[in-house]
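With the hints as a guide, dock the two chains, each given alone in a separate frame, to form the complex.
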Amino acid sequence: MFAYYCQLALRSFRRNKVLTALMVLAIALGIGASMTMLTVYHVLSGDPIPAKSTRLFHVQLDPELLAGYTPGDEPQADLNRHDAETLLQQARGQRQAMMSGGSVTVEPAGGALKPFMLDARYTTRDFFAMFDVPFLYGHAWSAAEDEGQARLVVIARRLNDKLFGGADSTGRTLRLDGHDFRIVGVIDHWSPKPLFYDLNLSTYGTEEQVFEPFQTAIGLKQSRSGSMNCYGQEATVDGTEREASCAWIQYWVELASAGQADDYRTYLTQYSQQQHDAGRYQRPPNVRLRDVMDWLDFNQAVPGDVRLQLWLALGFLLVCLVNTVGLLLAKFLRRSGEIGVRRALGASRVEIFKQCLVEAGTVGLSGGVLGLGLAELGLWAVRHRPTQYAALAHLDASMLLLTFVLALVASVLAGLLPAWRAMQITPAVQLKTQ
Amino acid sequence: MEIRPILSTLRRHKTAAALIVVEIALTCAIICNALFIVGQRWESLHQTSGVAEHELVVLSLSGVGKQVNADARAQEDLAALRAVPGVTSVAMVDQLPFRYGSNNSSLGTRPDQPTPTLSAAMYVGDEGTLRTLGLRLAAGRDFRPDEFMNWSELMDQLGTHNGMPLKTMPLIVTKATAEKLFPGQAAVGRQVYMANIPLIIVGVVEQLRRPNNWNGNTSYSMLMPLRKHYDQGGLYVLRVSDPARRAQVLRDAVDAVNRVDPSRLVMQNQTFDERRADYFSNDRDMMGLLITLCVALLVVTALGIVGLASFWVGQRTRQIGVRRALGATRGQILGYFQTENFLLVTLGIALGMVLAFALNQLLMRHYELPRLPLAYLPVGALALWVLGQLAVLYPARRAAAIPPAIATRSA
Numbered sequence: 013m014f015a016y017y018c019q020l021a022l023r024s025f026r027r028n029k030v031l032t033a034l035m036v037l038a039i040a041l042g043i044g045a046s047m048t049m050l051t052v053y054h055v056l057s058g059d060p061i062p063a064k065s066t067r068l069f070h071v072q073l074d075p076e077l078l079a080g081y082t083p084g085d086e087p088q089a090d091l092n093r094h095d096a097e098t099l100l101q102q103a104r105g106q107r108q109a110m111m112s113g114g115s116v117t118v119e120p121a122g123g124a125l126k127p128f129m130l131d132a133r134y135t136t137r138d139f140f141a142m143f144d145v146p147f148l149y150g151h152a153w154s155a156a157e158d159e160g161q162a163r164l165v166v167i168a169r170r171l172n173d174k175l176f177g178g179a180d181s182t183g184r185t186l187r188l189d190g191h192d193f194r195i196v197g198v199i200d201h202w203s204p205k206p207l208f209y210d211l212n213l214s215t216y217g218t219e220e221q222v223f224e225p226f227q228t229a230i231g232l233k234q235s236r237s238g239s240m241n242c243y244g245q246e247a248t249v250d251g252t253e254r255e256a257s258c259a260w261i262q263y264w265v266e267l268a269s270a271g272q273a274d275d276y277r278t279y280l281t282q283y284s285q286q287q288h289d290a291g292r293y294q295r296p297p298n299v300r301l302r303d304v305m306d307w308l309d310f311n312q313a314v315p316g317d318v319r320l321q322l323w324l325a326l327g328f329l330l331v332c333l334v335n336t337v338g339l340l341l342a343k344f345l346r347r348s349g350e351i352g353v354r355r356a357l358g359a360s361r362v363e364i365f366k367q368c369l370v371e372a373g374t375v376g377l378s379g380g381v382l383g384l385g386l387a388e389l390g391l392w393a394v395r396h397r398p399t400q401y402a403a404l405a406h407l408d409a410s411m412l413l414l415t416f417v418l419a420l421v422a423s424v425l426a427g428l429l430p431a432w433r434a435m436q437i438t439p440a441v442q443l444k445t446q
Numbered sequence: 004m005e006i007r008p009i010l011s012t013l014r015r016h017k018t019a020a021a022l023i024v025v026e027i028a029l030t031c032a033i034i035c036n037a038l039f040i041v042g043q044r045w046e047s048l049h050q051t052s053g054v055a056e057h058e059l060v061v062l063s064l065s066g067v068g069k070q071v072n073a074d075a076r077a078q079e080d081l082a083a084l085r086a087v088p089g090v091t092s093v094a095m096v097d098q099l100p101f102r103y104g105s106n107n108s109s110l111g112t113r114p115d116q117p118t119p120t121l122s123a124a125m126y127v128g129d130e131g132t133l134r135t136l137g138l139r140l141a142a143g144r145d146f147r148p149d150e151f152m153n154w155s156e157l158m159d160q161l162g163t164h165n166g167m168p169l170k171t172m173p174l175i176v177t178k179a180t181a182e183k184l185f186p187g188q189a190a191v192g193r194q195v196y197m198a199n200i201p202l203i204i205v206g207v208v209e210q211l212r213r214p215n216n217w218n219g220n221t222s223y224s225m226l227m228p229l230r231k232h233y234d235q236g237g238l239y240v241l242r243v244s245d246p247a248r249r250a251q252v253l254r255d256a257v258d259a260v261n262r263v264d265p266s267r268l269v270m271q272n273q274t275f276d277e278r279r280a281d282y283f284s285n286d287r288d289m290m291g292l293l294i295t296l297c298v299a300l301l302v303v304t305a306l307g308i309v310g311l312a313s314f315w316v317g318q319r320t321r322q323i324g325v326r327r328a329l330g331a332t333r334g335q336i337l338g339y340f341q342t343e344n345f346l347l348v349t350l351g352i353a354l355g356m357v358l359a360f361a362l363n364q365l366l367m368r369h370y371e372l373p374r375l376p377l378a379y380l381p382v383g384a385l386a387l388w389v390l391g392q393l394a395v396l397y398p399a400r401r402a403a404a405i406p407p408a409i410a411t412r413s414a
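One line per chain: the protein sequences are A and B, in this order.
The numbering used here puts the first residue of the first sequence at 13, with every later residue one more than the last.
The numbering used here puts the first residue of the second sequence at 4, with every later residue one more than the last.
Pulled out of the complex, with its shape left as it was, chain B reads as follows (with noise of 0.2 Å):
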């Protein structure tokens, strides 16, 4: 296909010519940068939990009024939540992932460390917390039984000795805060300080998300043997044998703690995943958000380029049928515009990486988004060369089809 003939019918056209352009360059630059931010929402929204999420139902209560013997109280809830039919273990911990608001606390590794080295959820819980959680040990060991202690206990030792428990506290970490704290040494048997107090690392586990990005992290986390009743913010987490059976092991908990004492109230009840999809939905909202924009902008470019391609066939009616006239088949004139198109948009697309990528320096700026990666160019490019070959198929087909004996017709 001869290019020179194109070019310079352009050159009479210049501003339809560059409007096109324009139009092809500013749909590339924010495709790009809505896709990418699409890409990265979809990364989040796939982040692992390290916790056995398809397996577990959670339940939290809260008590009317003051509670007497919610510790106790909350050994029956147990019994009760283990005793329910397709409940492999129960455990009760203080919070989970995917929650707006987290407990946390800084760790250091001395005691006097002006500034600690790192701020980790701090995660507490019972017996079952690892094997119900399914969380897995890197290195070192579960907490011993004799190790747990209830929460109001460990309160009334702080209040009652200066602020410092009876003994050192155990304490897993994951391999994230490990490795942060003892970067390339073995973290097990280390003591480290959360504020004044002494803890030794015992254990590490593999990953336990921090319930929320807090500071733009999500993997420091700390687990300690203690045991917050319901009244304290304790939740029960129960793991199922079949997930199919989850809705059913719900009601039936819920049965279950109503049976130990009805006079509580029932605040949550759903399983990890319903916890999961409600943490992450304004992350899909965004994502749905973004993909419409870019639907429409990709309509709306198609649509400026039939119409502006029609009027084009329309003006040079006389011209086409001259060509056709001398010889020239419905191929070539088809070929014409689409090699036309492929011209325009090219152009467009060449533009569209510059903008994109100037956008994407505005987005960084402002919104913390990281660099648009290269891949996301070709990808963008190809929509809308693929784009504008359709767009222009209908009026070069028109063209093609004008008679060649419209050219001896006078206007």
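Same shape as in the complex, but just chain A (with noise of 0.2 Å):
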């Protein structure tokens, strides 16, 4: 029976051309621009560490003076020095890193190359691990030469191959704002988006391919970028210094388990509390841990425009099936003399039911394909517009498939309402009429 009514409703295209073919582009429109946004969206909103977010934290201490204070008041995002420096040592997570963005000027060896400048990160060690960062050649540095602030570095592969032609560099030597360094790793493609450690950079842009020892990076004074906020009563020369009233250190420490975030917490709680009685905090303990995904949500990492214009996307799609509804209330009662025939030769009103969602399916269906199209044409032109996340928007398996069910689900539910209309025709009348 199914067969039949996929063969009626395509009958029924054909006699309807310009009825059906605006059903078709209503739906393909609307399935098109909803399903560029929620792509976009989808591509932004993303978990950047799926294995591992519930169990990665960012911390946040309060040591600014207290006035201005109200309790409930979120502390600053990052730590200053001090503080960063001491939760490293007291270790008390599985792993944990404070890191700092940076921009160095790379001399290539040779003259063939000139000088540039690129994004970098002055971290501690466990950065890579914490993070599953994947090495091509080499390995991390060690926890003894962050305490030395030895001259080591790691390199993205994007260098190592511009610099090395791809080659292993590990043991040779980089010379980075005027310091000889030497490469104990290469690590291989790896661009968490958004780039959740450090969201006062560009979080969907281009990632860092430098990475160097915290101690080292600040002993050499090598120029640092991202946020960097003082908050003391007394004017800072030199924010980056380990007892300066400025918070601009990300912090964030890998846990066990999700369970054990309550007791770093109390931890937490604990280490202000001792700062407070030394006299070092002013405030009453105030932390924050938040994991990957709440961290992101906290800091709305998906721009606010995304958000909206996924809104009006949806509202168009929501236009478009008012229309499309419309369009197929219009096409099932001109059929009504067909209809009345086959209820008069004994088909039930199920059947008619079923027959125009059929029909109304297939309008979907078409419609979905067509919108797949102008999906693939509303992405091809985010790629084409200057925002930084321009080059992520791409259609994915699920994404795709999606696509489908929307269309089908839409286009059904656009016809539940004129299918029952249409099933209401009572076939004595209509013979009559005729």
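If you are wondering where the hints come from, they were derived from the structure by calculation, not from laboratory data.
Nothing false has been slipped in among the hints.
The list that follows gives simulated cross-link-like pairs (lysine-lysine, DSS-like), each with its CA atoms no further than 27 Å apart: (1) 29(A) / 17(B); (2) 126(A) / 174(A); (3) 126(A) / 69(B); (4) 69(B) / 233(A).
Here it is as structure tokens:
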């Protein structure tokens, strides 16, 4: 029976070409627009490190002056150096790392290439293991090397390709900001999106290609980037100094399980209390510990414009569906005579209902196919927009499937009311007016 | 035109009529809000910065390795840039309007103030700053030549004198900053505090926009007489006599600094207008997107009206024939369908206005959008009325073309 209904649907398409085309077009436009925006949203709101995102936590403390404090205030996003170094030393998590963004000048050996600037990350050794950074060659540096301000560097594959033609460059020297660094590792393609560990930087933009031990970079006074927020009563000459009242260090901890978050939070509170008792902190303990997705959520990592666009696109789909309901209604009622005959020949109401829904579904599927094309076109347009996430806008398998599910569900929903109305057609009256 | 027969016909087609009304209402609500957002972006696109935008080009350099004598080298750069043909003046400043990040500092009127009065963007610039940027003094004076010092010098002083400069530093603030600090009073000559460091306001400029929108504010800025060299974030700003020659000046300027010292990297060289365009690219993009959405919505709605009206015309062929046979003119048939459409669209618009405000409330809560001004409603309404009339024209003309003879034909 289903095949027969499909056949009927096709025949009805041929008879009402314009009306059908209008419906398919409306659904296609709605699906195209909403799938474009859903895909962008899907890409931007993804979990950057799915295997661990519930066990990685961003740490916040509140070392500010009492003035202007209201209980419940959000503490600084970043830590000052004193606190970060102390927490790192106490090492209460399974792994922990302190870090800051930076930028370095690379002077390629030989002089064939001109010097150029790159984004860098100054961090401590656990960074790589914590964030599952894959190594192509070599390995991370050791904790002792962190302490000793060793001139070591881990570089990204892209830089390795550029400077060494992709060969294993570990052990070779790289000149950064006028100092020689020994390459200990080359990491493979790695680009968490969004770049969750430092939301001060461009969240979906390019990623860092140079990783240096934190103490080394700060010791050499290499230039850092990202936010720095100084809060003291005194003027600060150098915010990177250990005792400076400036928050600028991102601090992440990996716990053995998500369940240990409470313990770690207690530890942070105790630490804050100790600092308070010692006179370093003025405010009562005020800590935050958020896992990756909470942290992204809290910072609204997905740009407001993208969320707004998504809602507007869904609104557009709704209008397209209302439109389709109207057109389907027109289409079915126009065939009242035919339906009356079928009813008179013994088709039950349910059969008429089914037939109409099959027809609506076929319209939806055709709209879905066309809508997919439009979504691809829309995503192509997104990729040519000047946004930092432009390059990410691609349909994946799950979004492809969703397109058809959405098209089918939407059109069947749109078909419900017209089908119900069509099934009410009484055979006798129709036959009489014929 | 008699409305009653139209109403009674519509009553018999409640569902189809209701669908048109709902579609119009949704379209109206979305379009009003989308256009409102477009209007908002359009306004932000046209914010003034207070600087001579069309006459400025910007150049920034970065040293490779440790820079020795960078302060002196920067002075050589400035001299070389002044000599570039077409340049009227040159300045070295640390930030400019239309950038995503900014340097800010808090200001208060007392040293022991628990919460500062405001946070202002802290611009530092050399002797050429006011003239080059084209800042207009509203009160007070420009910095005197003896008031300028190098950033490194100030840092040395702060480092060796308990975080205090040797002399009280002069400060120029914007009108908005002055008004916030000293409401209704003259600010020139008054002392203000950056943390515990005292400063004296010597001048007030009309406007100098913050680099970015920070805490929802773009007008609080201050200017200090300090020279930051190229490796401390100092930017070279050139004012040109002829805006048409900006590209050439930029090329010559890059050559000029490279002649001073070719070992440095030129990080950015662009006209101020390009910088502005970059800064607002997302807003322009969003505007384009919203306008496209509005057009698509109108097209879909129009197609919906065409489709449903055609269906109605088809259904009522015989009635129309009868009316024609009884003496109705083509114009009257046409008028009938257009009035019918007008009634439906009006109902849709009325519902749409309520929806538009509901949607606006939602947007206000989640996206910090202001209240929808009433002016958007008549615009949206007019657009939909015109759209409805245009969309119904084709089916209505087909209806009017139905010959009276059809009345006598059996179905």
